[in-house]
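Protein chains in written order, with my numbering: chain A, 1 to 165; chain G, 1001 to 1786.
Calculated from the structure, these hints are not laboratory results.
Idealized CB from N, CA, C, for every residue including glycine.
Wrong hints could be hidden among the right ones.
As a list, the in silico DSS-like pairs of lysine-lysine whose alpha-carbon atoms are at most 27 Å apart [claimed, not checked]:
#1 Lys89(A) x Lys1070(G)
#2 Lys144(A) x Lys1022(G)
#3 Lys130(A) x Lys1070(G)
#4 Lys1030(G) x Lys16(A)
#5 Lys1091(G) x Lys1070(G)
#6 Lys1308(G) x Lys1182(G)
#7 Lys16(A) x Lys1022(G)
#8 Lys89(A) x Lys1024(G)
Every beta carbon over 10 Å from chain G, so not counted as near; a handful from chain A, in silico [as the list claims (entries may be wrong)]:
#9 Arg7
#10 Gly10
#11 Glu69
#12 Asp81
#13 Glu93
#14 Val143
#15 Gly151
Here is what each chain is made of, one letter per residue.
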Amino acid sequence: MQDVRMRVNGTEHLRKVPPRMLLVHFLREELDLTGTNVGCETSLCGACTVLLDGMAVKSCTLLAVQVHECEVTTIEGLAEDGRMHPLQKGFWEEHGLQCGYCTPGMILAAHDLLSRNATPDESEIRSALKGNLCRCTGYQNIVKAVQHAAGMGREQTGKGGADGR
Amino acid sequence: MAAKLFGSSIRRKEDPSLITGKGKYTDDFKLARMAYASMARSPYGHARIKGIDVERAAKLPGVLGVYTAKDVRKSKSPGVVPVGWLLPDIKTPPHPILAHDRVRYVGDAVAVVVAEDRYIARDAVDLIDVDYEPVSAVVDPARAVEDGAPQLHDEAEKNIAFDWEIGDRAAVEAAFDSARHKARIQLRNNRLIPNAIEPRSALADFDDSTGQLTLRMTSQNPHIHRLLMSLASLGLPEHKIHVIAPEVGGGFGSKIHHYPDEAIAAWCSMQLKRPVKWTATRSEANLTDAHGRDHVTTAEMALDADGKILGLRVKTYAAMGAYLSTFAPAIPTYLYGTLLSGQYTIPAIHCNVIGVFTNTAPVDAYRGAGRPEATYVVERLMDQAARETGLDPAEIRRRNFVPPDAFPFQTQVALQYDSGNYQGALARAQELVGYDQLREEQRRRVENGEPPLGIGLSTYIEACGLAPSAVVGTLGAQAGQWESGEIRVHPTGSVTVYTGSSAHGQGHETTFSQIVADRLGVGVDQVEVIHGDTDKVPFGWGTYGSRSAAVGGSALAVSAEKIIEKGRKIAAHVLEAAEEDVEFEAGKFFVRGVPSKAQAIQEIALQAYLAHNLPPGIEPGLAATTFYDPANFTFPFGTHIAVVEVEPETGSIRILRYLAVDDVGNVINPMIVDGQLHGGIAQGLGQALWEEAVYDENGQLMTGELLDYALPRAHMLGNFELDRTVTPCPHNPLGVKGVGEAGAIASPAAMVNAVMDALAPYGIAHIDMPLTPEKVWRAIHQKGRS
């Protein structure tokens, strides 16, 4: 067993875990954060995407102990003060999900994109999401959802100072 | 009065919990003392089991039990998975939940480990020593019937599970004798892996003190799973099994079927008296989820001098895989052969389908289930016929469409189409896409030696809204196909709806709320929809075959009428009016002509429960249950047009446009309907361009991971242009037809027709799906050399 300390969604956790425990299992089974889903265990589907120090990573191919002293954000940590993140609103407004299984990973991958590029065009969105599989939507409304969120971000920035994301 | 909900794109009720990570899928549940199961699976496509040594695995610390077929046979459970659809003379070899003397496909489970955590369970699986004697395998359905091919089951000579036919062979012979033109095609409908992003999972909790099994599982139809678990797998009485389908992460057919794994997890829980969870890895899912399609087909069409179809002849070898999956026999027969008339008046049709055992994962319903295969045959043949006759593909279709005034139309392959306007959808699609200009552009490109443009049509029909129970009964279904819908109006007037449909992404909580809220005149937020729980919901048959709205929704519409009729009696009594003078609108009962004399449905609900002043003969309470059996299938149709550019130097295909005009009848929630079409089209384009499950000759799955099974990704697709015509279904109270499968049915043919249209100047008539750049490049260059 090995010590691992990480801040997840703003809360510090210190646990002893087997060295081979995957980050996604740590999140799901140790911390009960089951919003992060497992789709393939080979980093090909992206359902398990979380933010590691702000960057999107696939938590199924990282060991929990590799994330020692890091900051992790999961889908459960995206809403602030009970208010949905613009990406969450975008997915709701634009019907960006059907079964919802890929959605947390998709939202966090899009979060990574918008943190680098606040005004992505369609091909930039499609390219940024190519590591995340969705079998339900054909991606069309996912693209619209991200555009919706980017638009909300611009609106908020335009209205005077609030950080869009 | 509030805006009508039926027909409006309200946001989904399902979404807030899903987009915040709070929705719970099967693997998200954690129970006290929960253990984890992992399967030992055959690495061989075909082998005899000479012995299984589990001793080392059993001794690993943390392992609670290791079981093989011997243990299942010693228990009181029957331990098999059954076939739910029988055909004349069908061979149904037993399918044990754990293989005992022979494995027949890679992934066939031979033993199970249950351990304290999932890591230990997998470690222990690696310590199980199975002594296999590999034998020859066969994976191609057309070759499996040849003399000398390896035999999978003693019961099925030449590996033939069934030899089925429909139509009039003699009439077709005569049609070909008098034909002026003939079109012929040989094709493979590529084997697909459904790949719901949530892998299959089961969490079984057997309570020894009550004998009750609670089984959370990835199911599209919890009551079917309860029934089959009881009858065939576990032997527990049906009332002692509680199946719950929590959030389900996509299905596309793959979660209809009753598989060994979920039954094994439940059986293990019964042995250990502890909760047992099993969740497939992606590679397990790809090995064991029922695959789709896998047909080898020869089809011929006879036409007269004007391009009118005289006859159609189809012969198909349909892979069944190693065992018959739950509804497998129905897919390439009654959901395929019966669709071969397409949108056309075809005076003579004959279709022969041989269902064949192969050393592969079982094949069963996958989005569209038989209808995409039929559409592909018919629509590819129409394009071949266009080439033979020199007619434009749109013109030859128009000449053969069932005319709008010919409905109800009886085809030569059993179905009676109830309604349609095929010309209308084609004309609309041609207009929207700018068909004539595209043909012009196509000619210009050929003249200028630019990369060729291809325009592909798919004018499809589907039969869905499954299905009239008596009809499917005569065809071999061991199941009914009606649906249950219960409405309970509570004393405060809020409403809970229980449906036997079982959503896994379709948005039933939203659309069914729209149906009920509209009819009862209450707010959509005053309606709660409960599904996917056998202890809460009356028996129902679940969600597949684009049936939920047409059958499940209709059940609720009828229940709402019953509620209103009872409410009217109570209101008449309270308002001291004659029942026939009481009208109901927008949630209010009122005396005709005296709108002030009114009682809201909420007031009537309270009266119904208080029962202080009910009319004579009226029972207390305000609830209604309907078991709705549809009068017919429904027949959505439409025209899809793909426009592509092919790059001859690389064989790569660029999708320039994809336009769909669909007629799915009345639309409850346009946003959700569009979403269903997007997803269906994407899956169909996946089949046409990228996806294929490939087995080598030994039965090894070469595409067992997402690295080699190419699912469409965001950057591989563009935006689809959607439009609709509306021809309401004439036989259900909502006028809806179903939309879940339309996209996947229409789009493979549209895409392949487009690419073949582009390649016509090269003299290329057909390439089998998926149209990978390599295959296209080879076709161009081989033609160039010859």
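How the hints compare with the structure:
no.: 1; hint: Lys89(A) x Lys1070(G); in the structure: violated (54 Å)
no.: 2; hint: Lys144(A) x Lys1022(G); in the structure: holds (23 Å)
no.: 3; hint: Lys130(A) x Lys1070(G); in the structure: violated (46 Å)
no.: 4; hint: Lys1030(G) x Lys16(A); in the structure: holds (20 Å)
no.: 5; hint: Lys1091(G) x Lys1070(G); in the structure: holds (25 Å)
no.: 6; hint: Lys1308(G) x Lys1182(G); in the structure: holds (11 Å)
no.: 7; hint: Lys16(A) x Lys1022(G); in the structure: holds (26 Å)
no.: 8; hint: Lys89(A) x Lys1024(G); in the structure: holds (20 Å)
no.: 9; hint: Arg7; in the structure: holds (18 Å)
no.: 10; hint: Gly10; in the structure: holds (15 Å)
no.: 11; hint: Glu69; in the structure: holds (24 Å)
no.: 12; hint: Asp81; in the structure: holds (13 Å)
no.: 13; hint: Glu93; in the structure: violated (7 Å)
no.: 14; hint: Val143; in the structure: violated (7 Å)
no.: 15; hint: Gly151; in the structure: holds (17 Å)
Checked against the numbered hints given earlier, this structure breaks hints 1, 3, 13, 14; the rest are met.
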